[in-house]
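Novice: Below are the chains, spelled out letter by letter.
2 protein chains.
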Amino acid sequence: MVTMRDVAARANVSIATVSFVLNGTKRVAPETRARIEAAIQELNYRRNVVARALASSRTRILALLHPDLESRANATVIQFVMGAAHGARERGYDLVLWPVNDDEQMSHLLAGGLVDGALLMEVQIRDSRVERLVASGIPFALIGRTENDDLPYVDIDFATTIHEAVAHLRSYGHERIALITDRARGGPGPGRIMRVESAYREAIAPLGGQPVIIAVDSTSAGGREAARALCEEHPGCTAAILVNEGASAGLAKGIRAAGRAIPGDLSIISASTTRELGEMIEPELTVMAAPAAELARLAVDALIDQLEGVPDAPPHTLIPCTLVPGESVGPVTRS
Amino acid sequence: MVTMRDVAARANVSIATVSFVLNGTKRVAPETRARIEAAIQELNYRRNVVARALASSRTRILALLHPDLESRANATVIQFVMGAAHGARERGYDLVLWPVNDDEQMSHLLAGGLVDGALLMEVQIRDSRVERLVASGIPFALIGRTENDDLPYVDIDFATTIHEAVAHLRSYGHERIALITDRARGGPGPGRIMRVESAYREAIAPLGGQPVIIAVDSTSAGGREAARALCEEHPGCTAAILVNEGASAGLAKGIRAAGRAIPGDLSIISASTTRELGEMIEPELTVMAAPAAELARLAVDALIDQLEGVPDAPPHTLIPCTLVPGESVGPVTRS
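In order, the protein sequence lines correspond to chains A and B.
Note that UniProt numbering numbers the first sequence so that position 74 is 74, with each residue one more than the last.
Note that UniProt numbering numbers the second sequence so that position 264 is 264, with each residue one more than the last.
Derived from the structure by calculation, the hints contain no laboratory data.
None of the values given here were measured: they were computed from a predicted structure.
Be a bit skeptical, because a hint or two may be false.
Claimed, not checked - Between beta-carbon pairs, the in silico distance windows are: (1) A:Y172 - B:P325: 37 to 43 Å; (2) B:E131 - A:G259: 54 to 60 Å; (3) A:H316 - B:N148: 50 to 56 Å; (4) A:E294 - B:Q41: 32 to 38 Å; (5) B:R201 - A:V332: 52 to 58 Å.
We put the CB at the ideal spot given by N, CA and C, even for glycine.
Turn these sequences into a full structure, and let the hints steer you where they fit.
Specialist: Here is the structure:
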């Protein structure tokens with residue numbers, strides 16, 4: 001069995017220097033590093049993480065459980081995934097991706113003993129996957145919330161986000177403000193839809209009008225459908241808050257195709273998306289940028305704190321989106 | 001030590017049925033599954049993948065090595081990542097994400113003994129990370145190519161893709177066709193840039209004109225820069241092939257902002273991107289859709305075949321992009 005000591009002897013350096021290279025904890029001169037790597041290769045040295053895992057009953061692996069995201073034109077998804085991967089690596093953990101679309105796959109994976117803990121994305125308001133996680137006894141953190149607020153979660157602060165969006169629109173004189181959300185595909189849908197709707201109802205209550213809520217698919221076609229609904233069924237609305245980034249381009253195109261100006265006839269704020277996506281659209285959308293990478297890192301930290309026994313209550317962390325002004329909000333100038 | 005036999009006895013089913021549930025290999029009635037899961041939980045049964053790994057010297061874990069992708073507004077990236085995760089799970093492997101931005105991080109991770117094999121994304125034409133992989137002795141497959149075509153890779157067939165794009169534009173009468181690529185950030189850059197440029201030079205050679213190659217950042221600002229260069233420096237070009245999806249929206253906006261019509265004044269094909277991204281842009285772009293998820297799955301399959309000793313030469317697989325007509329290509333109608 002080759003040890004770190006053998007590697008140090010072959011490379012003619014101290015054991016500490018070998019450790020610096022292996023753990024990336026300290027910068028080592030390139031020539032020294034090359035010598036150590038050559039020794040590792042010649043001796044075929046491997047730190048045995050598997051043996052360590054067996055001895056400690058810890059694998060230092062976390063799972064990110066997510067539904068099928070392949071077909072999502074969703075700019076925030078990659079930020080969640082990469083934020084979680086970076087956050088795990090920074091604390092010396094590895095992140096495995098588990099695409100799970102049903103409970104059976106979850107049983108199989110959770111019973112495997114591979115992971116110390118799990119993160120769950122795209123949490124639904126009532127979510128059998130969460131019940132499954134609770135039953136498994138495996139420590140976890142949610143990115144998003146169910147109706148049970150006692151579970152550990154990090155989430156976007158939709159209440160604050162929507163109130164700020166409404167305040168921004170009101171500062172330009174808008175009083176009839178529609179909400180465009182995501183159409184849930186079967187089931188009660190993601191918790192965000194419920195939370196966004198209730199924040200919206202609350203925020204527009206002082207304005208006195210009826211709420212206008214339009215739920216469409218998270219696609220360009222969905223966005224065009226929302227544009228039609230706004231123009232034909234709710235012509236009195238002068239502004240819309242969109243919480244459906246996949247529909248944002250289609251909404252802008254549909255409104256313009258109907259001969260209406262953005263922002264003159266309709267001001268738009270796209271919430272819970274990225275600045276980059278807003279920039280792509282014509283006109284450049286005013287967005288509320290989602291703190292996706294930050295939330296993913298916080299969820300990882302909270303999970304690792306649980307695993308390492310940091311004595312803290314389970315996290316209940318909410319972060320609002322950040323307003324990034326574009327060219328899609330202005331005063332009402334329609335005739 | 002609790003065994004599968006104990007779980008079967010407690011749930012009053014056969015061992016085979018427990019195995020079906022754990023491996024997801026066969027559908028089991030929901031009530032039976034619930035009973036088995038209750039037994040697993042009561043007995044705290046865990047299949048010990050760690051012990052299995054120690055005994056077999058195989059962890060059945062693959063690593064996806066990728067640079068920092070957090071800030072990329074790149075619609076194909078998520079398809080690569082998710083395609084690889086699905087492909088691995090379908091063959092009973094787990095995929096860990098390793099964000100590695102330098103060689104030191106790679107040494108550390110590869111020496112850890114966690115993974116049986118590695119996939120490398122965003123391969124550069126000369127790539128020290130590939131040398132590091134070769135030196136590590138860990139089986140690997142590349143998504144993209146270096147200048148060394150002997151290494152195992154899967155890649156987009158850029159030559160066929162560019163030739164098809166040029167042929168499509170020629171069928172509308174275009175003869176002055178520009179190429180817009182990605183500006184490499186230090187170093188020789190991704191292999192795709194070199195391959196795309198050489199395919200472009202070859203494909204336009206029969207047209208007799210000078211090649212026009214514009215390299216810009218993969219951002220909306222980069223796209224606007226390309227639009228300016230086309231309008232001011234190359235006003236004779238009537239069509240452009242874009243291999244830079246991050247710049248696609250900015251290019252379309254910049255051309256329109258200069259008072260030029262798409263496709264009347266300039267036809268655009270955006271290659272190596274997604275249909276969904278093309279749909280978001282005004283006008284809807286004609287794209288050559290990248291086979292991102294398919295390539296990622298092929299890379300995973302090739303890697304697992306190597307690991308499992310399937311007697312096949314290392315893969316050299318090339319797949320062209322698929323033409324998806326939009327509204328951005330038409331005959332020249334400029335005055």
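Novice: All the hints need checking, so say for each whether the structure fits it.
Specialist: How the hints compare with the structure:
1. Evaluation of the 37 to 43 Å hint for Y172 of chain A and P325 of chain B yields a pass: the beta carbon distance comes to about 40 Å.
2. Here the CB-CB span from E131 of chain B to G259 of chain A is close to 59 Å, well matched to the stated 54 to 60 Å.
3. The given range of 50 to 56 Å is respected by H316 of chain A and N148 of chain B, whose C-beta atoms sit roughly 52 Å from each other.
4. Hint check: E294 of chain A to Q41 of chain B, Cβ distance near 34 Å, so the stated range 32 to 38 Å holds.
5. Separation of R201 of chain B from V332 of chain A is about 53 Å and conforms to the stated range, judged on CB atoms against 52 to 58 Å.
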